[in-house]
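Colleague: The task is simple: from the sequences and hints, build the whole structure.
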Amino acid sequence: MVTVTSPAPQQGAVAAAAPVPRRGAHRWVSRFTPWLFLVVPLAFLVVFTYVPVVNMFWYSFTSWDGIDPVKEPVGWRNYVEIFTRPEIFRVFLVSLYYLVGAALQLVLALYFATLLSFNTRFRNFFKGIIFFPYLINGVAIGLVFLYFFRPGGTLDATLAAFGVTEPPMWLGDPSLVNVSLAATSVWRYMGLNFVLFLGAIQSIPNELYEAADLDGASSWQKFRYIIAPGIKQIIGLSVILAISGALSVFEIPFIMTGGANGSMTFVIQTVNTAFTFSRVGLASAMAVVLLVIVLVITWVQRRIVPDERGDLS
Amino acid sequence: MTTTGTHAAAAPATRRDRDLAVLAGPVATTLKYASLVVASLVAITPIITVVMAAFKTQEEFRTTGPLDPPTSWTNVENFVTAFTRGGMLQGFVNTSIILVVSLAGTILIGTMAAYAIDRFEFRGKRVVVGAFLLATLVPAVTTQVATFQIVNGLGLFNTRWAAIVLFMGTDIIAIYIFLQFMKSISKSLDEAAMLDGANRLTIYARIIFPLLKPAIATVVIIKGIAVYNEFYLPFLYMPSRDLGVISTSLFRFKGPFGAQWEVISAGTVLVIIPTLIAFLLLQRFIYNGLTSGATK
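Sequence order for the protein chains is A and B.
Residue 11 is where the first sequence starts when you use our numbering, and the numbers rise one by one after that.
Residue 293 is where the second sequence starts when you use our numbering, and the numbers rise one by one after that.
To be clear, the hints were calculated from the coordinates, so they are not data collected in a lab.
It is possible that some hints are incorrect.
In silico contact screen, one side only, chain B against chain A (beta carbon under 7 Å); selected entries [claimed, not checked]:
# : residue
1 : 338
2 : 404
3 : 427
4 : 437
5 : 461
6 : 476
7 : 501
Estimated spans, in silico, between C-beta atoms of each pair [said to hold, decoys possible]:
#  : chain 1 : residue 1 : chain 2 : residue 2 : range
8  : A       : 215       : B       : 368       : 46 to 56 Å
9  : A       : 131       : B       : 421       : 28 to 38 Å
10 : A       : 189       : B       : 381       : 34 to 44 Å
11 : A       : 220       : B       : 475       : 28 to 38 Å
12 : A       : 41        : B       : 428       : 46 to 56 Å
13 : A       : 106       : B       : 337       : 42 to 52 Å
14 : A       : 97        : B       : 363       : 47 to 57 Å
15 : A       : 309       : B       : 388       : 33 to 43 Å
16 : B       : 493       : A       : 87        : 46 to 56 Å
Being a predicted model, the structure only gives us computed values, none of them experimental.
Idealized CB from N, CA, C, for every residue including glycine.
Modeller: Written as structure tokens, this is what we have:
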């Protein structure tokens, strides 16, 4: 069936005629071939992932400003600064708002996914509407919600319809700004968790439900004993992504408030330290701290929820 | 009557699709639909009000509330302003160029890496696989501090190539998808071709690559959405006005149009429209693509 137009048949014939020397050459060639396919992918991987990571560790022990040809080593001073200057490390507290938001997001996603796994009118319509926000451009979402939260904006007008006449400053009040931003984040990302959960629920084999029906199981029992174990894996993954996402929040607050009014996050601060204040050394140390935290969380997750599917190879 | 237009295609009714009503009574059904309607309103209202604002004149915007519809749905003045003065045209051109080149690059790099890993046994394979795996754990946003120096050192700063190489170089998800799919392609095809005397490059180009079409479609969708929506890389690496992509062009609306919400709204709507069209046309592929991409 496979027709190949290449001069290769000759090659085969030659190899058959003179096996001994050709074999050696052939073996060398075949040992070399996979690397021909890998050289470009590996070059990209090394240049844009591994070299930056290694450099980042190196810069983190210097006081480099990003321009100076000399990178003055300063030992652990950058790390000491991160953990002793409260204004640097305190921004991690802002992540707590996003963590609470992420928990809410997962619960909502699970609720709607379970709901839509039952027979529902206009199922695809509801599925599409709940999911669509996830696809929207982050800057567009930022602007939509700046309009939503601005004084006299969509939220205030809606509240006014219910008789609330003096709404707070949703983005201007430091005690509220992170709640507003975390809510925006929930609005943006809930749809992804929802679709992933729904897909996992729908891939549970039918026989399990049929057996449960025969045994007279209630919907709650079906959720508890069939659906929940069936989607344990994807829930575990989502929890980890939610935690590392909450620690490295960037786009929504950067676009909407730029980190003002107490909405500064660790990543915005890292970026500002590097590119606004030109303290690449300190910023690298901050990035290393975040990287280590994310790696530890991922490692813990791997221990708690082992990957049943096996790895890449 | 329980099926909407696309319902049948996505989820054929099976015996497990029981009505909740049968199981838990009419109260549960009412609560179910009430919560779905509330969720839909929460999802839609912020967007609808922006769409309405985009059609209002400046005077009208000042005198009406956000929940009032515009007097004319055919007032496209704000869209014209956003497109011409807001640099949206330039943004769409740049995004398209970056999208096409980085998609082509990602597909080529991803399929080559997957072919080498899946179809060859060689010394160092475990190390290579481990290197790709380990890289998925590194959150890209943290390493930009150091990546910036590399991009700058290569002389790519403030060129479209900065975004293109970074999009191509950091996509390990694509390699996973190709690898997963390649495992389902029978090795006997390769062997038959090899008996016919085909070399490895021919097998890759003529046999494997064409058979990977479904996986390529998945990668195009996932990657396409990601590139279209990416904000930070172009913001950091392509600050020049002429190099604005749609994200950064729209972000710049915050400055000059600071108080003109009707123009900002129009720009926002312009950015959302292509996404909406793509979603309506490709729904099923998008759902499948995300499921296969996220669980890897």
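Colleague: Hints first: check each against the structure and report whether it holds.
Modeller: Going through the hints against the structure:
1. 338: holds (5 Å)
2. 404: holds (4 Å)
3. 427: holds (5 Å)
4. 437: holds (5 Å)
5. 461: holds (4 Å)
6. 476: At 15 Å from the nearest chain A Cβ, residue 476 of chain B fails the 7 Å test, so the hint is violated.
7. 501: violated (12 Å)
8. A:215 - B:368: 46 to 56 Å: holds (52 Å)
9. A:131 - B:421: 28 to 38 Å: Given about 47 Å between the Cβ atoms, the range is violated.
10. A:189 - B:381: 34 to 44 Å: holds (38 Å)
11. A:220 - B:475: 28 to 38 Å: Given range 28 to 38 Å: holds, Cβ gap about 31 Å.
12. A:41 - B:428: 46 to 56 Å: For residue 41 of chain A and residue 428 of chain B the Cβ distance comes to about 28 Å; the hint is violated.
13. A:106 - B:337: 42 to 52 Å: About 28 Å separates the Cβ atoms of residue 106 of chain A and residue 337 of chain B, which means 42 to 52 Å is violated.
14. A:97 - B:363: 47 to 57 Å: Cβ of residue 97 of chain A to Cβ of residue 363 of chain B: about 50 Å, so the range 47 to 57 Å holds.
15. A:309 - B:388: 33 to 43 Å: The hint (33 to 43 Å, Cβ to Cβ) holds, given that residue 309 of chain A and residue 388 of chain B are roughly 40 Å apart.
16. B:493 - A:87: 46 to 56 Å: holds (53 Å)
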